[in-house]
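**Student:** This is what each chain is made of:
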Amino acid sequence: MKEMVLILIASAGVLGLSQWLRLPPVPLLILAGIGMTLTSIAPESTMLQNVLMLGLAFLVFAAGMELDPRRAGRQRRAAIGIGLIQFLVMGAVGAAAAIAMGTSWFTALYVGLGISASSTIIVVRILRQRRQFFEPFGRAVLGALLVQDALVILALAVLSSVAAGAGAVAFSVIGTVSLGACAWAFARWAAPFLLVRLKPDQEEGLLVALAVLFMFVGLADWLDLPIAVGAFLAGIALSSFPVNGIVRGQLTSLSNFFLAVFFVSLGASLDIPGLREIMLTAILVFLIVVVTPPLVVVIAERMGLSTRASVEAGLLLAQCSEFSLIVAILGVDRGHLDTSMLSVLALTTVVSMMLTSFIATDSVVWKLVQWHPSRATKRIGPPPKDHIVLLGCGSNSRILLDLLLLQGNTVLVVDEDPAVVEALRERGVDVIRGDGADERVLEEVRAREARVIISTMRRIEDNERLLRLIRGRIVVVRAFDEHAAKRIAAAGGIPATEAEPAAESLLHWVTTSLPRAEKTSVA
Amino acid sequence: MGEINLVQSIGIMIVVSAAIVMLCRRAAIPTIVLFIVTGLLLGPFLNILSVAPADAHGGDADVPGGGALQVAGELGIALLLFLVGLELSLDRIREVGRVAVLAGLGQVVFTAVIGFVLCILLQFTVMESVFLASALTFSSTVVVVKLLVQKKELNTLYGRIAVGIFLVQDLVVIVALTFLAGLGKPESMEFGAMALSLIRAFLGMGTLLGVAMIASKYLLARPFAWAARSTETLLIWSLCWCFVFVVAAEVMGLSPEIGAFLAGMSLAQLGCAHDLRRRVQPLMNFFIAIFFVSLGAQMELGDAMENWAAGIILSLFVLIGNPFIFMWIIAKSGYGERTSFMTSVTVAQISEFSFIFAAMGVTTGVIGTNILSLVTVVGLITIAISAYMILYNHILYDWCRRLGLLRMFRAPQHQEVECTESLQGHIVVVGMNGLGREAARMLHERGETVLAVDTDGRKLAELKCMTMVGDIDDPSMIEEVSMAHAKLVISALQIEDTNNLLTFRCRQLGVPVAIHAFDRFVIDDLRRLGADFLIDSRAVGSVRLVMQLDDAGLVAP
Chain C
2 MKEMVLILIA SAGVLGLSQW LRLPPVPLLI LAGIGMTLTS IAPESTMLQN VLMLGLAFLV
62 FAAGMELDPR RAGRQRRAAI GIGLIQFLVM GAVGAAAAIA MGTSWFTALY VGLGISASST
122 IIVVRILRQR RQFFEPFGRA VLGALLVQDA LVILALAVLS SVAAGAGAVA FSVIGTVSLG
182 ACAWAFARWA APFLLVRLKP DQEEGLLVAL AVLFMFVGLA DWLDLPIAVG AFLAGIALSS
242 FPVNGIVRGQ LTSLSNFFLA VFFVSLGASL DIPGLREIML TAILVFLIVV VTPPLVVVIA
302 ERMGLSTRAS VEAGLLLAQC SEFSLIVAIL GVDRGHLDTS MLSVLALTTV VSMMLTSFIA
362 TDSVVWKLVQ WHPSRATKRI GPPPKDHIVL LGCGSNSRIL LDLLLLQGNT VLVVDEDPAV
422 VEALRERGVD VIRGDGADER VLEEVRAREA RVIISTMRRI EDNERLLRLI RGRIVVVRAF
482 DEHAAKRIAA AGGIPATEAE PAAESLLHWV TTSLPRAEKT SVA
Chain F
-16 MGEINLVQSI GIMIVVSAAI VMLCRRAAIP TIVLFIVTGL LLGPFLNILS VAPADAHGGD
44 ADVPGGGALQ VAGELGIALL LFLVGLELSL DRIREVGRVA VLAGLGQVVF TAVIGFVLCI
104 LLQFTVMESV FLASALTFSS TVVVVKLLVQ KKELNTLYGR IAVGIFLVQD LVVIVALTFL
164 AGLGKPESME FGAMALSLIR AFLGMGTLLG VAMIASKYLL ARPFAWAARS TETLLIWSLC
224 WCFVFVVAAE VMGLSPEIGA FLAGMSLAQL GCAHDLRRRV QPLMNFFIAI FFVSLGAQME
284 LGDAMENWAA GIILSLFVLI GNPFIFMWII AKSGYGERTS FMTSVTVAQI SEFSFIFAAM
344 GVTTGVIGTN ILSLVTVVGL ITIAISAYMI LYNHILYDWC RRLGLLRMFR APQHQEVECT
404 ESLQGHIVVV GMNGLGREAA RMLHERGETV LAVDTDGRKL AELKCMTMVG DIDDPSMIEE
464 VSMAHAKLVI SALQIEDTNN LLTFRCRQLG VPVAIHAFDR FVIDDLRRLG ADFLIDSRAV
524 GSVRLVMQLD DAGLVAP
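Those sequence lines, one after another, are chains C and F. For the first sequence, my numbering assigns the number 2 to the initial residue and increments by one for each residue that follows. For the second sequence, my numbering assigns the number -16 to the initial residue and increments by one for each residue that follows.
Some clues are possibly wrong.
What the hints assert, rightly or not - No farther apart than 20 Å at their CA atoms in a straight line, the calculated lysine to aspartate or glutamate pairs in the EDC-like style are these: (1) C:368 / C:465; (2) C:487 / C:463; (3) F:134 / C:202; (4) C:368 / C:505; (5) F:470 / C:440; (6) C:386 / C:465; (7) C:200 / F:289; (8) F:442 / F:456; (9) C:3 / C:67; (10) F:135 / C:202; (11) F:135 / F:462; (12) F:442 / C:202; (13) F:442 / F:454; (14) C:200 / F:233; (15) F:447 / C:483; (16) C:487 / C:465; (17) C:200 / F:462; (18) F:470 / F:507; (19) C:368 / C:450; (20) C:368 / C:302; (21) F:470 / F:428; (22) F:442 / F:428; (23) C:386 / C:440; (24) F:135 / F:463; (25) F:134 / F:515; (26) F:134 / F:428; (27) C:487 / F:428; (28) F:447 / C:444; (29) F:135 / C:278; (30) C:386 / C:463; (31) C:3 / F:462; (32) F:134 / C:45; (33) F:200 / F:74.
FYI, nobody ran anything at the bench for these hints, they're computed from the structure.
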């Protein structure tokens, strides 16, 4: 009990710190655990081992539950491309680095698998903070992460049996596939029945969800598969809508608790690394930060993302996944991996995750976009005059374009989504592909000579940049609420808020189709 | 099966109890009973789980797996009492303080004395009778509170009195434990040592209470308001606060329950307490299940059949005698008949401490294992039956009243007023972004009853309508906002998953729902799920924008 309290105190302190410094909590939690080892107040190891296994199960379970292909939206192809190629290339790079540092090939495979994926926890946190979930690149990145999570788990199933020969590999592949089939069947029939049709109360719902988790973990254990495979498939078994939503509400605090405790215990169970381990860590971090961004940029552009979106995706994905910890723990558990390698992978994860908060920023993105070699935008016809520039014209702004055209305006559209550009071009709209906050693109569309510039770009930072670049013109910026409107106005733009007309439309619907309040209104 | 590890044993517990709970849904058996049955099945009957019985209160067992399970069980109890503390502020407990002390102490004395006499009459030795009587005396805080939380009647008058009584009893348990632990070794039976440990317990209680009160008044409000910006930070901070108190209580020789309760109480005044309660509840459900299953698994039923007659007589004594004594004391204190009855029903079982008492007696060699199995049988019977009694206490009351069983107590016939009004015909607005705030304001001005919901208390601060902090994903929020009785649910959120789930739930309840369709991409899903109205902020925003341009003369002539 006292040990539990120590771990909780450490995580409480760290969470406060991470909120204060706006740093991601995961690396800090692991560091706190390491700190506990250094000051030798770390709890004894059987307790840590137990907590690690439980936490691991919850971590992977939660990831499995998010595995819904619809999350990638229209960017499914890009997501699979980025996810798969990054996984393969980074895996090979990591393994090569490990072999070069003199590890055995088997250890090298584990190291490669460890750095082959990017961190869902970190990226989702950043996307949420910046409200970028619905941007094309956000969807692509999210999809790529899901692909990688699944790949890591599959690879782990294979890798854990490689030592026992080809027969064992075949057996574990068959086991994984049949367990996967069970999960699919469960998601299709059993889960909706148990969790939706029967309408269980809170306690029953929680019990059923946890029972599914432990059942799959038990089955995986019985088939001699890593328990992460079972937990992940259990997550998939509960990933269909609305089951996942119902379960998520129940499990949030459980996974909050177990994850915090998991990361601290992990830190507390690490060996103090030697010079060789630190060298290997440094090399791995260097490779992740240097190789991932260009790699992702190349793939993402191929898959049709704009330059800037590709650069953003590349920077965002340049870190090591929390799944690498799971790979390492299970490797150690099976006796395939030396405990020093657990320290290497954990440190790599910590350092690369911390770096992400400094690398994946707007200013770095713009700098890299400027260095990007091929940025030629397609020229459009003769330079227009007295036109309206519409920056950003995704499906949400189509109605705006239609209204403007209907009134007989000359409209020039800038959008970064190739699909959008293609569709508009087919309709005969003047459109160029590019970023509305990019100086050169603005020059291209003669923004300075335009009558009005309308921006529907989501990010306030982009709009502020736009307003800085073209001072003195009439720029109307779409803003969701008062808060955004104030910032736009402060930067010299004319905000057009959506919240107010939207609320009015709602009120209109309420008045026409719902009965009025029974009590007499005061006003 | 020695090699079973923690994950495996928890896994088995959860899977089997989930199966049993889901199979027995129709029978409406209290889950506590089912958990204990699961434990019995896994432990004594099938021998799959071996849980080391606790040697003393809060002590650590030597068996590795058993130790971790015990920690999990302790976590469950602490979280349960933490929840109780979060629900009851000190003022609400103080209201019932007098009757709680009176009834708590009175019942202990009466039950102990009558129980002792009864045991002597049943031809047990004096020593056996002492242990049996003390085992019969205490009621189980965990069982009762769990049921009250489940029934959502913790905050009723009778719920508060019951909690007060259990807190008093918890203090007495500590005294009794010290006393009984001394019975085996006469050298520690000195009066001085006893008095010392008593003084220590009361000093500890005073210190903890003082710290809790001062902290809740002066220290906690600002840091916790800051932490509440992230729900994860808030949860971990509160758990940390709770367990620091638990450990402090143990160090001072108090029960962890008291520590957790005080920790909860000191957070009860905070704005985030309500939300926190909902977040702690699933954690508690998980750990308390482990606690009850391990409780069942460590029951010793060995030669239970030998003493079946004594078992039944003692069980009847606890099931009928205890409530009888209580009814008498509480009705004397001027509470209404209904409240007195409801409170009395809660004490009709023996506590998990009773097993510890008996196990302690066995280890010190003053009683035989037959007494331990007798206590176990009485425990099983009384916990199971009283769980039913508490769960169906309203029906039971009407019965007893009709049969005229309650007339002899001459309790006052007035009814204490309970505030159980729930909202009806209101409009729930979820997500206080610009749209949500605007909608809440407009609807409020139109004279509707509006309930605004957000996870961030700061966003609710300046609203004139009713507000509630909470995550609408959380299933218990459905009841708390009384969604089934709402005339409209609106979500202004820009979170796809939450909106979809909310739409689905409203459809199930048959409540009209308007959802913010903040992106083309989400519209199809929402339509398919049956949203009644989509707030298409982008489209209406576009129209408004063009109108603005038109007004400014900026569009083509």
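**Student:** Hint by hint, note whether the structure agrees.
**Tutor:** A quick look at each hint next to the structure:
1. With a C-alpha separation of about 17 Å, the suggested pair residue 368 of chain C and residue 465 of chain C falls inside the 20 Å cut-off, and the hint holds.
2. The suggested pairing of residue 487 of chain C with residue 463 of chain C holds, with an alpha-carbon distance near 15 Å, which does not exceed 20 Å.
3. About 12 Å separates the Cα atoms of residue 134 of chain F and residue 202 of chain C, which keeps this hinted pair within 20 Å; it holds.
4. For the given pair, residue 368 of chain C sits about 42 Å from residue 505 of chain C by alpha-carbon distance, which is inconsistent with the 20 Å threshold.
5. At roughly 51 Å between alpha-carbon atoms, residue 470 of chain F and residue 440 of chain C are farther apart than 20 Å, so this suggested pair is violated.
6. Distance check on the hinted pair: residue 386 of chain C and residue 465 of chain C sit about 25 Å apart at the alpha-carbon level, beyond 20 Å; violated.
7. About 44 Å separates the Cα atoms of residue 200 of chain C and residue 289 of chain F, which puts this hinted pair outside 20 Å; it is violated.
8. Between residue 442 of chain F and residue 456 of chain F the alpha-carbon distance is near 18 Å, which keeps this suggested pair within the 20 Å criterion.
9. Note on residue 3 of chain C and residue 67 of chain C: the hinted pairing is violated, with a Cα-Cα distance of about 34 Å set against a maximum of 20 Å.
10. Distance hint between residue 135 of chain F and residue 202 of chain C is fulfilled; the C-alpha atoms sit about 13 Å from each other, no more than 20 Å.
11. Under the criterion of a C-alpha separation no larger than 20 Å, the hint pairing residue 135 of chain F with residue 462 of chain F is consistent with the structure, at around 11 Å.
12. Annotation: proposed proximity of residue 442 of chain F to residue 202 of chain C is violated, straight-line Cα distance about 30 Å (limit 20 Å).
13. Our distance criterion of 20 Å between C-alpha atoms is met by residue 442 of chain F and residue 454 of chain F, whose separation comes to about 13 Å.
14. Note on residue 200 of chain C and residue 233 of chain F: the hinted pairing is violated, with a Cα-Cα distance of about 41 Å set against a maximum of 20 Å.
15. For the proposed pair residue 447 of chain F and residue 483 of chain C, the alpha carbon gap of about 18 Å is at most 20 Å, so the pair holds.
16. With a C-alpha separation of about 12 Å, the suggested pair residue 487 of chain C and residue 465 of chain C falls inside the 20 Å cut-off, and the hint holds.
17. Taken as a hint, the residue 200 of chain C and residue 462 of chain F pair is honoured in the structure, with Cα atoms around 14 Å apart against an allowance of 20 Å.
18. A distance of roughly 24 Å separates the Cα atoms of residue 470 of chain F and residue 507 of chain F; the hinted pair therefore is violated under the 20 Å criterion.
19. Distance hint between residue 368 of chain C and residue 450 of chain C is unfulfilled; the C-alpha atoms sit about 27 Å from each other, more than 20 Å.
20. Proposed proximity of residue 368 of chain C and residue 302 of chain C is supported: the alpha carbons are some 17 Å apart, at most 20 Å.
21. With a CA separation close to 17 Å, the supplied pair residue 470 of chain F and residue 428 of chain F stays within the 20 Å bound.
22. A C-alpha spacing of about 19 Å is found between residue 442 of chain F and residue 428 of chain F, which places the hinted pair at or below 20 Å, so the restraint holds.
23. For the given pair, residue 386 of chain C sits about 19 Å from residue 440 of chain C by alpha-carbon distance, which is consistent with the 20 Å threshold.
24. Taking the CA atoms of residue 135 of chain F and residue 463 of chain F, the gap is near 11 Å; set against the 20 Å cutoff, the hint holds.
25. The suggested pairing of residue 134 of chain F with residue 515 of chain F is violated, with an alpha-carbon distance near 33 Å, which exceeds 20 Å.
26. Pair hint residue 134 of chain F plus residue 428 of chain F does not hold up; C-alpha atoms about 36 Å apart against a cutoff of 20 Å.
27. Among the hinted pairs, residue 487 of chain C with residue 428 of chain F is inconsistent with the structure: their alpha-carbon atoms are about 25 Å apart, more than 20 Å.
28. For the suggested pair residue 447 of chain F and residue 444 of chain C, the alpha carbons sit about 48 Å apart, so the restraint of at most 20 Å is broken.
29. For the suggested pair residue 135 of chain F and residue 278 of chain C, the alpha carbons sit about 55 Å apart, so the restraint of at most 20 Å is broken.
30. Distance check on the hinted pair: residue 386 of chain C and residue 463 of chain C sit about 25 Å apart at the alpha-carbon level, beyond 20 Å; violated.
31. For the suggested pair residue 3 of chain C and residue 462 of chain F, the alpha carbons sit about 36 Å apart, so the restraint of at most 20 Å is broken.
32. A distance of roughly 40 Å separates the Cα atoms of residue 134 of chain F and residue 45 of chain C; the hinted pair therefore is violated under the 20 Å criterion.
33. For the hint pairing residue 200 of chain F with residue 74 of chain F, the CA-to-CA distance comes to about 13 Å; that is within 20 Å, so the pair holds.
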